[in-house]
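S.K.: The residues making up each chain are set out below.
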Amino acid sequence: MQGLINGKPVEFTEDETILSVARRHGVFIPTLCELADAEHTPGTCRVCLVEIRREGHDPDVVTSCNTPMEPGMEVLTRTQIVREKQRLQVELLLGDHDQDCATCVRHGKCELQDAAQFVGLQRSRYGRRVYFRGRTRDESSVSVVRDMTRCIRCHRCVHVCRDVQGTDVLVLHEKGLDAEIGVRDSLALGTSDCISCGQCTLVCPTGALAEVDDTEQVIDFFYDPDVFTVVQMAPATRIALGEEFYMEPGSNVEGKMITALKQLGADVVLDTNFTADLVIMEEGTELLGRLENGGKLPMITSCSPGWVNYCEKNYPEHLDHVSTTKSPQQCFGALAKTYLAGKMGVDPAKVRVVSIMPCTAKKEEAQRPEMTRDGVPDVDVVLTTRECARLLKREGVWLPDLEASGFDNDWMGSYSGAAEIFGTTGGVMEAAIRTVHYVVTGQELEGVVYAPVRGYEQLREAVVDLGEKGTIKVCVAHGLKAAKHVMERIAAGEADWTFVEIMGCPGGCMGGGGQPRIKKSYQSFWHERQQAIYRIDERCEVRQSHNNPLITMIYDEFLGEPNGHRSHELLHTTYRDRKQVVHHTMKEIWDELKA
Amino acid sequence: MAKVIYGVWKGQVYDNRDKQLFEIEDSPDFAEFDEFDPGNPIKAFMGGKGFFVFAKDVSLLDIALCYTRRTAHESCGKCTPCRMGTRILEDRLESLIAGEAGPETLDEIGELTDHITSTSLCGLGQTAAVALGEMLTHFRDELEREIELQRASGGARDRGQQSCSTYVTAPCIEECPSKVDVPRYIDYIKDGKFTHSVGVVLQKYPMAATCGRVCVRFCEMACRRTQVDEAVGIKVLKRFVADKEKYVTDRWFTPDLIAERKPAELKVAVIGSGPAGISAAYHLLLKGYPVEVFESMTEPGGMAAVGIPEYRLPKEDVLRKEVSIIESLGGRIHYNQRLGQHFTLDDLRDRGFKAIFLGVGAHKGKGLGIPGEERSVAGYVTGVKFLLFINHYHINMGLPMELGERMVVVGGGNVAMDCVRSALRMGVKDVHLVYRRTRESMPADLEEIEAAEKEGVHFHYLTHPTRLVTEDGKVQGIELVEMEQGEPDASGRRSVRPREGSEFMLDCDFVIPAIGQAVDHSFLSPEDSIELNRWGLIKADETSLVTDRPGVFAGGDAVTGPATLIQAMAQGERAARSIDDYLTYGRVRFDKNDRFSQLLRSIRMLNPEYVDKPVKHIYRIKAQELDPEERKRIFEEVEKPIRVEEAYTEANRCMRCYRVYSVTTEK
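For the protein sequence lines, the chains are A and B, in the order given.
The first sequence lines up with residues 0 to 594 when you count with numbering that gives the first Met the number 0.
The second sequence lines up with residues 0 to 666 when you count with numbering that gives the first Met the number 0.
The following block holds chain A by itself, in its conformation from the complex (with noise of 0.2 angstroms):
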């Protein structure tokens, strides 16, 4: 089919959209609900305006995003009307929308400020305070912040907790000026079913919202000479946080961050990564166990606290299948506070765990009362990639000026490459498999990579040769639609696999709800980290947990052996069923009718 875009002739087939031919030729159109590579169009924002000219009709205004291209039309995007159009629509949307920009967490990062300048916005008319005062600011999550007079009902939060995630925790509530996306039946955010996956926070165009900031809290510590500070970093924190600096997608930033947070001041910087290699010993352990014992089969991985809290909260009476292991980030915290403080001399009551997650659930894992010993968390605060360049920022740190520097310690300073891959999906797996290959056969697995459970597909099936033990099938799913695919085959009795990894994030921790966001766009960067995160894990001198020779001398000198009893005491963990129905009577549903 043939039209024509400002007088040039373009090609299209049925029913595709002006704005999607106009991409293909070239043709800039300004848009700000649109999530293109979510495929989400919901049409509201109203921004991306052309005009039309059809025979047999008048010239016509419409949106780009949702107006399919016919044969014989023709499109013109810079006309004056739709010039004028387009600056209205966005000075309109700044109507109702909380313009303290100065104060927001999207300042300068904001795509609703992008689109007003895009339109050649010079004015603003008709902001009013009561256009928008009546609105939500929840604060009751300890991950997500909710802050309603700074939406503008892209829905791009409620498709992505709905439409990939599967969650559907976020609703639209009320009308009018009055709209807003709420939780659903009416609860806070905090004591919904919300996951505290953050998907939502990587997707909004503003600030309505974003991670929970503790940035505050960090400075305390580091400023307070009473505290002794260990800060840890996720595997998929350093190919992200450069991002947030201007450097190259997938730019390995380790050793930046190491100076940077000592230079902040941090007493001690180590690696998640350095628990990541414990996690599989402990995890890989308790796998051959329940093979050998009996046990609640197929196990599946604990490492990602949003997909604990999807279990818990969806699926209770399927947690035993779900690994005891704590987390890396929780094992981490709990043996700072006592090998490490121990080999360091210094006393425990003084140490403070703060962990750089690419997550905000592991903002709510950091809380949770099993995560306690004593009345003492193993982790005492949680920043996001996004708040540790926050962090950087307000103390006038740039990244990309800092000299590289490496961890310094004799106790927990080294990792595999095994632990680094656990910053993609498929990385638990891959990782765990390279162990208990060694482990069952006596030989490591030839080649070191183990590619069957790469890749990007929802959910991934690999048969694993343990040689003369056989063979394990495993299953590695990441997103929670693709978890409740797992889940629902369990429940059916259905899954033939013996070992499951589920990431709760699309992606697994790159594409995590803390991570740096991009603009117009949910995960055009996978690519690159993902790549990045390989990369390193090949430059390691050693690829497999149990050649790290920390690992090797930690269960040596403090735990025993894996799932031993001092591993149980401090690497192990309980689960909670947490599932909550919400019943509504009619008449509160009638009376909501009438309002």
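Please note that a few of the clues may not be correct.
Pairs of lysine-lysine, PhoX-like flavour, derived with a Cα cap of 25 angstroms [claimed, not checked]:
#1 LYS243(B) with LYS593(A)
#2 LYS243(B) with LYS586(A)
#3 LYS266(B) with LYS586(A)
#4 LYS243(B) with LYS519(A)
#5 LYS639(B) with LYS483(A)
#6 LYS7(A) with LYS612(B)
#7 LYS480(A) with LYS621(B)
Label pairs and their in silico Cβ distance ranges [to be verified]:
#8 GLU259(B) with ALA594(A): 15 to 21 angstroms
#9 GLU628(B) with GLY441(A): 57 to 63 angstroms
#10 THR584(A) with GLN340(B): 54 to 60 angstroms
#11 GLY133(A) with ALA151(B): 34 to 40 angstroms
No wet-lab data here; the hints were simulated from the structure.
Every residue gets a Cβ at the ideal spot worked out from N, C-alpha and C, and that includes glycine.
Given chain A, work out where chain B should sit, using these hints.
M.R.: Coordinates of chain B only, in the frame set by chain A:
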């Protein structure tokens, strides 16, 4: 007849301002627009395509504000221009009325009205500011004059007496006899609030899952989406939410739903537990009246129970469950209580019932009127009776039925389809349907016709019975004649007449006439003082459903003749309002919404609903069905529920064609 002084509608400008009232021609379009309620002249009318002014002394600013305020209130808040634009318009109009702003504000209003109209997402926004925009374009002088007066008086000027009523509807709502707020329950599906969605339906009637299965869907016929691709699957969405929530209904209908309990002596009797009766009882109970329902059969549901086959409407899981809502709300249902046999209307009065609703249905099947059917013969029963035997005596009570090998059903409506499809399920090998016109003119739902075809029913179109052949009191066959079509008549329907000499015989064991039903009024006696009309239907006022006997109201098939579930439920609800009025005020009062519907019906020709912007095609989802070969021998429900993802997709096809109307009156 109202006279248009000025106005704009669909771009056409009417301007009689320079004429004397008597010089202005009457507009037949506005025959209904003299008064809103009795003694209350209509001064202006505003809608999604423009406005009309019928009186000289009106305040345009007030008219515009009243209308705009309602649109701002109705805005769903998703899209920018409607959410923000309508509110700013409201603020600007308020400033003008307060005398705080001058005519220059009109430029801004003009920019906004154009913007809201041309860039809003849904039908509400696209029509919210049209009338104000037209007012400004064509009658700016009127507005400016009023603005100057407001300014000069600091907003304190007396602008004359007028009051304003608004009404929000949509083509689908307007066509629904029950006026279910369809876009709203679809909105709630889009928003993932399924309980709210079914709550919207339950505001109108309790039988949501039943309606979601068997409704004839006037709404879908009116759906604007048909101009793009296909109507939104309104019925299937209703079933989706109703089914999803059906297991919690017991918890919903709690006593706190009843806002105000009426005195115990204001007892109401409902006769018949069909859709009309159940709906009437439901609304009366919600209004706080003690209600007792009298049912002649041993099970509730009326025609929905005995007339609709199990494969379309499961009785145990769906219908009975929904009828039981009456009991959850404190109502009582007495079974085996037939009017005229077990009690009379006077008995009910003597027992203290202050009002009575007659919803007795139309259960008497019509015969073919051909030789051979006079005597009662084995193998010949009417369609409704046949369905009653199957649904009630056979399925419920386990009585056996002998139906033979070959059956002929005569008729082209849904009852005929129910008969042929049920016959297959009863094990009849060879089922024939005889209809005197063509397939295209069959009144049955196309889906039903297609389903019957797939299941293997033999259709004989343009064929008519002429004689029933019997032997020893038993049907042996039926003589049929081929029909030929004549010229189309005024209504476009082509007449048919028998083709001479084309008679032929069809041997069969059973013949079922399914060509219509009548009210069985044998239960009425002269002492009941209930009048019938010349079609043998109970006489009741079209709107108020008042009969000739004070305190007695009637509705459903007994009043309308054989109609649909949704019409019966609508009448039940309407009767409940009338009864409430009667018991509270002694008379049935004016109903604003009914009146708005009436006005809109009267200007239907002026008010067509086109889709003028290009819309992407998204075809409607198809519900899974049991395989025809498998299903045609069993009574299991044929249509399967849709999945959540499908419901979201289907809900998002709704274009939300809300329209706001306002009427400005003297008082």
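S.K.: Look at each hint and say if it fits the structure.
M.R.: Each hint, compared with the structure:
Only pairs whose Cα atoms come within 25 angstroms are accepted, and LYS243(B) paired with LYS593(A) is accepted, the gap being roughly 23 angstroms. Taking the CA atoms of LYS243(B) and LYS586(A), the gap is about 19 angstroms. The hint holds against a cut of 25 angstroms. Note on LYS266(B) and LYS586(A): the hinted pairing holds, with a Cα-Cα distance of about 24 angstroms set against a maximum of 25 angstroms. Pair hint LYS243(B) plus LYS519(A) does not hold up; C-alpha atoms about 36 angstroms apart against a cutoff of 25 angstroms.
Between the alpha carbons of LYS639(B) and LYS483(A) the distance comes to roughly 23 angstroms, so the proposed pair stays at or under 25 angstroms and holds. Of the pairs offered as hints, the one joining LYS7(A) and LYS612(B) holds, with about 22 angstroms between alpha carbons and a cut-off of 25 angstroms not exceeded. Distance check on the hinted pair: LYS480(A) and LYS621(B) sit about 24 angstroms apart at the alpha-carbon level, within 25 angstroms; holds. As the Cβ distance of GLU259(B) to ALA594(A) is approximately 19 angstroms, the hint placing it in 15 to 21 angstroms holds.
Remark: the range hint 57 to 63 angstroms for GLU628(B) to GLY441(A) is upheld by a beta-carbon distance near 59 angstroms. THR584(A) and GLN340(B) have their C-beta atoms about 40 angstroms apart, which leaves the hinted 54 to 60 angstroms range violated. Between GLY133(A) and ALA151(B) the Cβ separation comes to about 36 angstroms, which falls inside the hinted range of 34 to 40 angstroms.
Against the hints set out earlier in the document, violations occur for numbers 4 and 10.
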